[in-house]
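Asks: Sequence lines, in order, name chains A and B. The numbering of the first sequence is our numbering, which starts it at 1 and goes up by one. The numbering of the second sequence is our numbering, which starts it at 94 and goes up by one.
Derived from the structure by calculation, the hints contain no laboratory data. Where hints are given, some of them may not hold.
Claimed, not checked - For the chain A half of the interface with chain B, some residues (derived, Cβ under 8 Å), not all of them:
#: 1; residue: ALA13
#: 2; residue: THR20
#: 3; residue: GLN37
#: 4; residue: VAL47
#: 5; residue: THR56
#: 6; residue: GLU58
#: 7; residue: SER60
Backbone N, C-alpha and C fix where the C-beta goes; we use that ideal spot for every residue, glycine too.
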Amino acid sequence: MKRILVACGNGIATSTVVATKIRNYLADKGIQADTNQTRLTEVPGKVEGYDLLVTTGEFSGDRKGVPYVKGMSLLTGIGADKTLQEIADLLSD
Amino acid sequence: MKYIMDGFNWLMAAGPTVMLPVIITVIGLVFGLKITHSFKSGLTLGIGFAGIKLILDFMTTNVGPAAKAMVERTGVHLTALDVGWGSIAAVTWASPIIAILVFAILIVNIILLILKRTNTLDVDIWNYHHMAIVGVMVYFVTKNVLLGVGASLVMALITFKMSDWSQPMVEKFFGIPGVSLPTVSALSSLVIAWPLNWLLDRIPFLRNSKFSIRDAQKYLGFFGDSMIMGLIIGMVIGALAGYNLTAVLQLGVSMAAVLVLIPKMTSLFMEGLMPISEAAQTWSQKRFKGRKLFIGLDAAVVVGNQDVITTALIIIPLTIAMALVLPGNQVLPFADLAVVPFRVAMVVALTNGNLLKNIIIGLVVTASLLWCGSSTAPVLTKLAKSVGIKVGSNSLLISSFAATSMIQSWLVYMAFTWNPIIMVPVLLVAFAAIWYFFDGVKKVNAGAQGDDGAAA
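Extracted from the complex, chain A is given alone in its bound form:
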């Protein structure tokens, strides 16, 4: 089971959208993954031990070496397929 941390400004709105889309996509691909949501300011304190970090916007804080994908395309729909593919690739390594 892969663990993904999805972060946005308040850990509620856009992270719910992105987390749901990632879960649905990975389920279709047969990749077992669990998502947790948090606020961007809490990422450095929480991210350790996750397999992937996805943020809905810009993030330049400490990621503790966890792989990172920008998820804004999943909100606008533009380039969403590429981003989802990237996420799947990172998780299947």
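Since chain A is already given, all that's left is putting chain B on it; use the hints.
Replies: Structure of chain B alone, referenced to chain A:
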């Protein structure tokens, strides 16, 4: 007609946990969702409301007596507890007129798009709550549906235009092309920031300031962590209330629990509304195919910026200090300290990351939040009670940094409740003048494709 009214009254009397699933199911069906999907959406919102209610009861029964004891012991007159924007959003979605308001806001967006008077496509139904709450409060005070709907229409008009006008600086500063941010909780600060920034730029020392604080996140980072902040604030309130050590610790953990649990409940609202937003997005992108539009996103996508976080981490402790000394303030800052980054995000983009100006403008915005919040806390409290939220005894009021605590919403609310016959036209004329300034004189969106350039 009588049967419809009877049915409606019965629904009202049953309360939000019953009304929300029914109303959201209907909204979902209108957007073309399948009945099973839209019913699940509605039920999710009803569950979210039940959850918020539970947490609010827990919060007010814990912090209410403590806040009262603190006021009596210290003379610090902070009687309006900040219950957070999520709680206010829940109250908004529980309003009997919410369905009308959602469609009214959407229609304003579509009409402006067809008339090419905006480039922002805003189908983020979730964030409509910021525009809807003003209508909900106006309706609650005046009992006049038309005034309520009118207030939300004006909120929507102002919001879409402000998000157009701020789009170039959002694109430049945050580096996100093709996107605008029609999120009132971030945009509203611009009402103060635009003129104030112009004024501050007259002072060369401020205009050219390179002041920066390194490692703000390292030293102030705990202000960005909800559970730690809740713990500390709870313990301080307990200590000021004269509680013994056990009770101080209990209050601390309870308040930490509130700050961690409220977002979990609020996210149910988001989850429930997501299929509806998606249906609206599919529909509108088909309708406006071929036209280059700014996709309206939640401002959550920009608050991760380093300059925004640094500014917010400095403003948060200053907000608590200001609440104590600001004359006339009654708001006890708590749950919405977590969303200070939203209130300063646009300010940071406007000043291009000038930290000194960000702090000055940020503090003025904070003062406005506290004052407007204090002034409308009594109405908000009555509204919350009317949808079944127990605010507790102790004559405790509730407030937040959302709803009419924000200057844009406060101005519209006041215009519609305080002599609307005179003030609404005054507001509209003033806004038309600003519109002319941005679109006609400065031509901020002139470069945007699909725009007539000088639209006014």
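Asks: Now tell me if each hint is right for this structure.
Replies: Here is what the structure says about each hint:
A least Cβ separation of about 5 Å between A:ALA13 and chain B falls short of the 8 Å threshold, and the interface hint therefore holds. Proximity of A:THR20 to chain B holds as hinted, the smallest CB-CB distance being about 6 Å (cut-off 8 Å). Given hint, A:GLN37 at the interface with chain B, holds; its Cβ is 7 Å from that chain's nearest Cβ, closer than 8 Å. At a threshold of 8 Å, the smallest CB-CB gap from A:VAL47 to chain B is about 13 Å, leaving the interface hint violated.
For A:THR56, the shortest C-beta to C-beta distance to chain B is roughly 5 Å, which falls under 8 Å, so the interface hint holds. Checking A:GLU58 against chain B: minimum C-beta separation of about 5 Å stays under 8 Å; hint holds. Evaluation of the A:SER60 hint against chain B yields a held restraint, the C-beta minimum of about 5 Å falling below 8 Å.
Checked against the numbered hints given earlier, the structure breaks only hint 4 and satisfies all the rest.
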